[in-house]
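These protein sequences, in sequence, are chains H and V. Quick note on my numbering: the first sequence kicks off at 1 and runs consecutively. Quick note on my numbering: the second sequence kicks off at 1 and runs consecutively.
Hints in this document: simulated from the structure, not taken from any laboratory. Among the hints, a few may not be true.
As the list claims (entries may be wrong) - Subject to a maximum C-alpha distance of 27 Å in a straight line, what follows is the list of computed DSS-like cross-link-like pairs (lysine-lysine):
hint: 1; chain 1: V; residue 1: Lys35; chain 2: H; residue 2: Lys212
hint: 2; chain 1: V; residue 1: Lys124; chain 2: H; residue 2: Lys287
hint: 3; chain 1: H; residue 1: Lys291; chain 2: V; residue 2: Lys80
hint: 4; chain 1: H; residue 1: Lys13; chain 2: V; residue 2: Lys117
hint: 5; chain 1: H; residue 1: Lys13; chain 2: H; residue 2: Lys287
hint: 6; chain 1: H; residue 1: Lys291; chain 2: V; residue 2: Lys88
hint: 7; chain 1: V; residue 1: Lys118; chain 2: V; residue 2: Lys88
hint: 8; chain 1: H; residue 1: Lys291; chain 2: V; residue 2: Lys23
hint: 9; chain 1: V; residue 1: Lys117; chain 2: V; residue 2: Lys189
hint: 10; chain 1: V; residue 1: Lys97; chain 2: H; residue 2: Lys291
hint: 11; chain 1: H; residue 1: Lys13; chain 2: H; residue 2: Lys291
hint: 12; chain 1: V; residue 1: Lys210; chain 2: V; residue 2: Lys35
hint: 13; chain 1: H; residue 1: Lys13; chain 2: V; residue 2: Lys120
hint: 14; chain 1: V; residue 1: Lys205; chain 2: V; residue 2: Lys189
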Amino acid sequence: MATYYHRAVQDIKNNGFLSTVTIITIALSILIVSAFALFFTNANNVMNYWQKGIRIMAYLKPDISQKNFPDIKRKIQGIYGVQDVNFISKEEAFKRLKEQMKRQSSILMNLNENPLPDAFEICMIASSQRGEKVEEIATKIESLPSIEVVEYGQKWLERFTNIFYLFRLAGYTMGGIFFMAAVFIVTNTIRLVIYTRREEIEIMRLVGASEKFIRGPFYIESIIQGTLGGIIGIAVLFITFKLISSNLEHSFKYELLNIKFLSHEFYCGIILCSMFVGWLGCYISLKQFLKA
Amino acid sequence: MIDGKDKSSIIQMFHVHKHYGSKKALIDINLNISKNEFLFISGPSGAGKSTLLRLIYLGEPVSEGQILVDGMNLSRIFPKRIPFLRRKFGIIFQDYKLISTKTVFDNVALVLEASGKKRKFIEKKVRSVLRTVGIEQRINALPPSLSGGEQQRVAIARAVVGVPKIILADEPTGSLDSDSADIILNLLKDFHTRGGTVIVATHDKELIRKAGGRILYLKQGHLLGPTPI
Ligand SMILES: Nc1ncnc2c1ncn2[C@@H]1O[C@H](COP(=O)(O)OP(=O)(O)OP(=O)(O)O)[C@@H](O)[C@H]1O
Ligand SMILES: [Mg+2]
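Given the sequences, and given the hints that come with them, work out the whole structure.
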């Protein structure tokens, strides 16, 4: 194993240019794929954050008396998909409105009666926080006799979600294409290396080297290239990310868009994937071009 | 001496033919080589000497016939076993077949690395063999920077370093002056006295005369026996 490693490192040095080109191409592919991944994980987080914010407001008819409230609440809670029901009295609502309007609250002062209705604020379980589900629940609530009107989930969010899913599909496709491109490049590099060393391989066979002995260094070589490519790709992405995000923090106060770098598991996964690219490229190449 | 029936054979050929397309390089060869034999195969250029050796180490398959080497039937051997067959041989190729991008040391060390020897052992063994063939001072040189004779010595060092059972030497003294040829001959004799089998393909009459082993002549693909006619 030590001699295999030694020989592999020797080969990388001997084929310096070819190795560099391979590592750079793998790094580029990894950079592009992981940049996509970074964008989508963050977009996904933001989406989830917004979707968590989807609530249904159910406004009560003004003539419903206070003693019926617990009963209505129980009925709403009985609907499948509802997680939590909060009662917001018209006084509470009025207070919130005043807080939100602050400077213009004088307008409200002139009102001698609170015009707001009592309401229930309904949160849904995670699996029901999607367009059709929300609509379904909202219709059920609206059909209750004591509810005058319901307001819910912004239509634009739904549309945005669909676009997002489309983008994500494009992302997966791009990822797949870059994966294949990287494998193809490694395959070609190894093929060139096999070609430049065909005489040497032939001689090794003649002096009794096993196939394992001959192939081992090729595998180590391409796995090293895959790993280096992966690490470089992720490192470049990380540096770029840091530069951009510190810039963003300067220009905005972005608590809402709390952008994060890829999780440890994720980028370790990408580097593993990159090692696999190296292995696979080598495997294909040896299978095709190194006939015994 | 010739039939070798009383000694156990290490290489046997039965009705071996080798064609290259329509060109017949070897025709109906029957041959029995005993353990610890020192055999010369001679004959004019193009007679098929190198081809005969190539068939023995399975550098090429036979077109017809059977070859047994140390109990292995070459036409039945599993591909995975070929490296083990090759390790029985130390081969000195007519065109040396040195790896031009590797140093003299690495070229010779390759044999021992391939059979999984330890680094330390390899280091010592390779140096000692290179000393014996008299090329120790060029240990870090690349083969293209060596003279033909020097390359030949490296090729010989590589052939003997793994302590094989059989040495197959194709014109081992082809590029050497007679003094250097003597050194090589002594190396081969030394290997022979320690129990090894040596097969040399050559038209170097001087070498054959000095060595004094069994001789077989090849002519246009036919094995003639101990006389060239
Ligand atoms: N790979 C090949 N393809 C076609 N013909 C070949 C091949 N190898 C050898 N031959 C032919 O087979 C015949 C025997 O060749 P071989 O190399 O065995 O001769 P030789 O006795 O070793 O000659 P020399 O003394 O010149 O080395 C020659 O006529 C040669 O042209
Ligand atoms: Mg020849």
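Restraint check for H/Lys13 with H/Lys287, where alpha carbons must lie at most 27 Å apart | Judged against 27 Å, a Cα distance of about 24 Å means the pair holds.
Can the restraint linking V/Lys117 and V/Lys189 be considered satisfied, given a maximum Cα separation of 27 Å?
-> 26 Å, holds
V/Lys118 paired with V/Lys88 [C-alpha distance capped at 27 Å] = 19 Å, holds
Given the hinted pair H/Lys291 and V/Lys80, is their alpha-carbon gap at most 27 Å?
-> Distance of about 13 Å is within 27 Å: holds.
Restraint status (C-alpha distance of V/Lys35 to H/Lys212 at most 27 Å) = 31 Å, violated
Straight-line Cα separation of H/Lys13 and V/Lys120 no greater than 27 Å?
-> Given that 27 Å is the threshold and the Cα spacing comes to 24 Å, the pair holds.
Hey, V/Lys210 versus V/Lys35, does the alpha-carbon distance stay inside 27 Å?
-> 21 Å, holds
Take the C-alpha atoms of V/Lys124 and H/Lys287, compute the straight-line distance between them, and say whether it is at most 27 Å.
-> 37 Å, violated
Agreement of V/Lys97 and H/Lys291 with the hint, judged by alpha carbon distance not exceeding 27 Å = 20 Å, holds
Pair hint H/Lys291 and V/Lys23, alpha-carbon separation not exceeding 27 Å = 26 Å, holds
Distance restraint between H/Lys13 and H/Lys291, which requires alpha-carbon spacing of 27 Å or less | 25 Å, holds
Given the hinted pair H/Lys291 and V/Lys88, is their alpha-carbon gap at most 27 Å?
-> Judged against 27 Å, a Cα distance of about 23 Å means the pair holds.
Violation of the numbered hints given earlier is confined to hints 1, 2; the remaining hints are satisfied by the structure.
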